[in-house]
Amino acid sequence: MQTESVHITPYRTYAWVLIALMTLTLITVTVTWINLSALTVAIALIIATVKAYIVLTYFMHLKFESSLFRVFVAMVLMIYVLVILFTLSDYLLR
Amino acid sequence: MEHRDDIGAKLGMWIFIFTEILLFGGLFLVYAIMRNRYSVEFHQCAHHLNAFIGTVNTIALLVSSASVAMSITAVQKGDKKTAVILLFVTLLCAAVFMVNKYFEWGHKFSIGLYPGSQLMLTLNHGSIMFFSLYFFMTGLHMFHLIVGGIILTIVAIKVQRGAVNAGSYVLLENGGLYWHLVDLIWIFLFPLLYLIT
Chain A
203 MQTESVHITP
213 YRTYAWVLIA
223 LMTLTLITVT
233 VTWINLSALT
243 VAIALIIATV
253 KAYIVLTYFM
263 HLKFESSLFR
273 VFVAMVLMIY
283 VLVILFTLSD
293 YLLR
Chain B
2 MEHRDDIGAK
12 LGMWIFIFTE
22 ILLFGGLFLV
32 YAIMRNRYSV
42 EFHQCAHHLN
52 AFIGTVNTIA
62 LLVSSASVAM
72 SITAVQKGDK
82 KTAVILLFVT
92 LLCAAVFMVN
102 KYFEWGHKFS
112 IGLYPGSQLM
122 LTLNHGSIMF
132 FSLYFFMTGL
142 HMFHLIVGGI
152 ILTIVAIKVQ
162 RGAVNAGSYV
172 LLENGGLYWH
182 LVDLIWIFLF
192 PLLYLIT
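Taken in order, these protein sequences are the chains called A and B. With the numbering used here, the residue at position 88 of the first sequence is 290, and numbering never jumps. With the numbering used here, the residue at position 51 of the second sequence is 52, and numbering never jumps.
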């Protein structure tokens, strides 16, 4: 059974999300033309993270799923961040 | 009445996606450390990648993701025809991506740049690492794209036949989730490989 109150996302929402994602892509590409050296990578990663958040929230529908899904995703991402932190701290401080 | 558990099915799909995040996550970690160690070589090698093709492919994947998401809306509204058209748009975008990748990789192969080639062996260690990671990560991503394309083709046929309909569409949702994962991975691959010059 589908849950009683099925959330139907209007086409319009997805169109706006697509425009937002494309704008962010163009910003990333433009930023690399301006040479900001070390900042370029940081900006690219921040924009990529924002795009990933938008994809997870709207395209992957997490905004409208039960909170169980959001908790699971948050936990997995936290585990991955911990893996990164431990590995990099080992590698950089060795 | 048939027994169905859509929440359970979606949760299963998410658990599979978590394993994918850890698979690609490990590769991104290797990338981070190698980039730290060979920053000059990575910087130079990224110039050999065509940022324009990369940008076109990014846009193709974003459009394809949006149209999968929209096809769920169409199925929920019972609009079978629009749903199939939207899934077709997704597959078309995937084809654009694949053709671009074919020319991109084809060019590198034609100048003798591929894993294990004589040219690769003459490069310095940092360049070998960059191109190995480039071929492996984009290759693994492309493999996921092909699998996603096959899944969405099957789903589109099922939508057309009415097996996936307004009352039962978890297969489309899960196929969509897989497709968005492919998009999600590319969102990070694109700036890290193409835009670090």
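Treat the hints as calculated values from the structure; they're not laboratory data. These figures come from a predicted structure and were not determined experimentally. Yeah, the Cβ is synthetic: ideal placement off N, Cα and C, and Gly gets one too. Watch out, some of these pointers could steer you wrong.
Stated by the list, open to error - Using C-beta positions, here's what the derived DEER-type ranges look like:
(1) S268(A) - Q119(B): 32 to 42 Å
(2) R272(A) - K78(B): 39 to 49 Å
(3) I221(A) - K82(B): 19 to 29 Å
(4) K78(B) - Y293(A): 49 to 59 Å
(5) P116(B) - I221(A): 20 to 30 Å
(6) R5(B) - L241(A): 43 to 53 Å
(7) L28(B) - F266(A): 28 to 38 Å
(8) A167(B) - L241(A): 47 to 57 Å
(9) L23(B) - I221(A): 45 to 55 Å
(10) S291(A) - G113(B): 34 to 44 Å
(11) L28(B) - W235(A): 25 to 35 Å
(12) L124(B) - I248(A): 25 to 35 Å
(13) G168(B) - R296(A): 51 to 61 Å
(14) V252(A) - F89(B): 23 to 33 Å
Stated by the list, open to error - In silico SDA-like cross-links for lysine to any residue, where the CA-CA straight-line distance does not exceed 20 Å:
(15) K82(B) - T211(A)
(16) K265(A) - I197(B)
(17) K11(B) - L294(A)
(18) K109(B) - K11(B)
(19) K109(B) - N51(B)
(20) K11(B) - L279(A)
(21) K78(B) - L279(A)
What the hints assert, rightly or not - Computed, partial: chain B to chain A, Cβ under 7 Å:
(22) T20
(23) S66
(24) F137
Each hint tested on the structure:
1. At roughly 56 Å, the beta-carbon separation of S268(A) and Q119(B) lies outside the given 32 to 42 Å, and the hint is violated.
2. Distance hint check: the CB atoms of R272(A) and K78(B) are about 26 Å apart, inconsistent with the given range 39 to 49 Å.
3. For I221(A) paired with K82(B), a C-beta distance near 25 Å keeps the hint of 19 to 29 Å intact.
4. Against the hinted window of 49 to 59 Å, the Cβ-Cβ separation of K78(B) and Y293(A) comes to about 51 Å, which satisfies the hint.
5. Distance hint check for P116(B) and I221(A): the Cβ-Cβ separation is about 38 Å, which falls outside the suggested range of 20 to 30 Å.
6. Range check, R5(B) to L241(A): about 50 Å between beta-carbon atoms, so the 43 to 53 Å window is met.
7. Checked against the hint of 28 to 38 Å, the C-beta distance between L28(B) and F266(A) comes to roughly 31 Å, which is consistent with it.
8. Between A167(B) and L241(A) the beta carbon distance is about 49 Å. The supplied range of 47 to 57 Å therefore holds.
9. A hinted range of 45 to 55 Å is violated for the C-beta pair L23(B) and I221(A), which are about 32 Å apart.
10. For S291(A) paired with G113(B), a C-beta distance near 40 Å keeps the hint of 34 to 44 Å intact.
11. Look at L28(B) against W235(A): about 27 Å separates their beta carbons, and that is inside 25 to 35 Å.
12. The hint said 25 to 35 Å for the Cβ distance between L124(B) and I248(A), and at roughly 31 Å that hint holds.
13. Evaluation of the 51 to 61 Å hint for G168(B) and R296(A) yields a pass: the beta carbon distance comes to about 58 Å.
14. For V252(A) and F89(B), the hinted distance range of 23 to 33 Å is satisfied, since their beta carbons lie about 30 Å from each other.
15. In summary, the hint linking K82(B) to T211(A) is supported, as the alpha carbons are separated by about 18 Å, within the 20 Å threshold.
16. With a C-alpha separation of about 32 Å, the suggested pairing of K265(A) with I197(B) is violated against the 20 Å cut-off.
17. Of the supplied pair hints, the one linking K11(B) and L294(A) is violated, its CA atoms being roughly 39 Å apart against a limit of 20 Å.
18. Note on K109(B) and K11(B): the hinted pairing is violated, with a Cα-Cα distance of about 40 Å set against a maximum of 20 Å.
19. For the suggested pair K109(B) and N51(B), the alpha carbons sit about 11 Å apart, so the restraint of at most 20 Å is met.
20. For the hint linking K11(B) to L279(A), the alpha-carbon distance of about 18 Å falls within 20 Å, and the restraint holds.
21. Proximity of K78(B) to L279(A) is assessed by CA-CA distance (about 33 Å); at most 20 Å being required, the pair is judged violated.
22. Annotation: T20(B) was flagged as interfacial toward chain A, and the flag is violated, the nearest CB pair being 10 Å apart, outside 7 Å.
23. Given hint, S66(B) at the interface with chain A, holds; its Cβ is 5 Å from that chain's nearest Cβ, closer than 7 Å.
24. With 7 Å as the threshold, the beta carbon of F137(B) stays out of range of chain A, its nearest partner Cβ sitting at about 19 Å, so the hint is violated.
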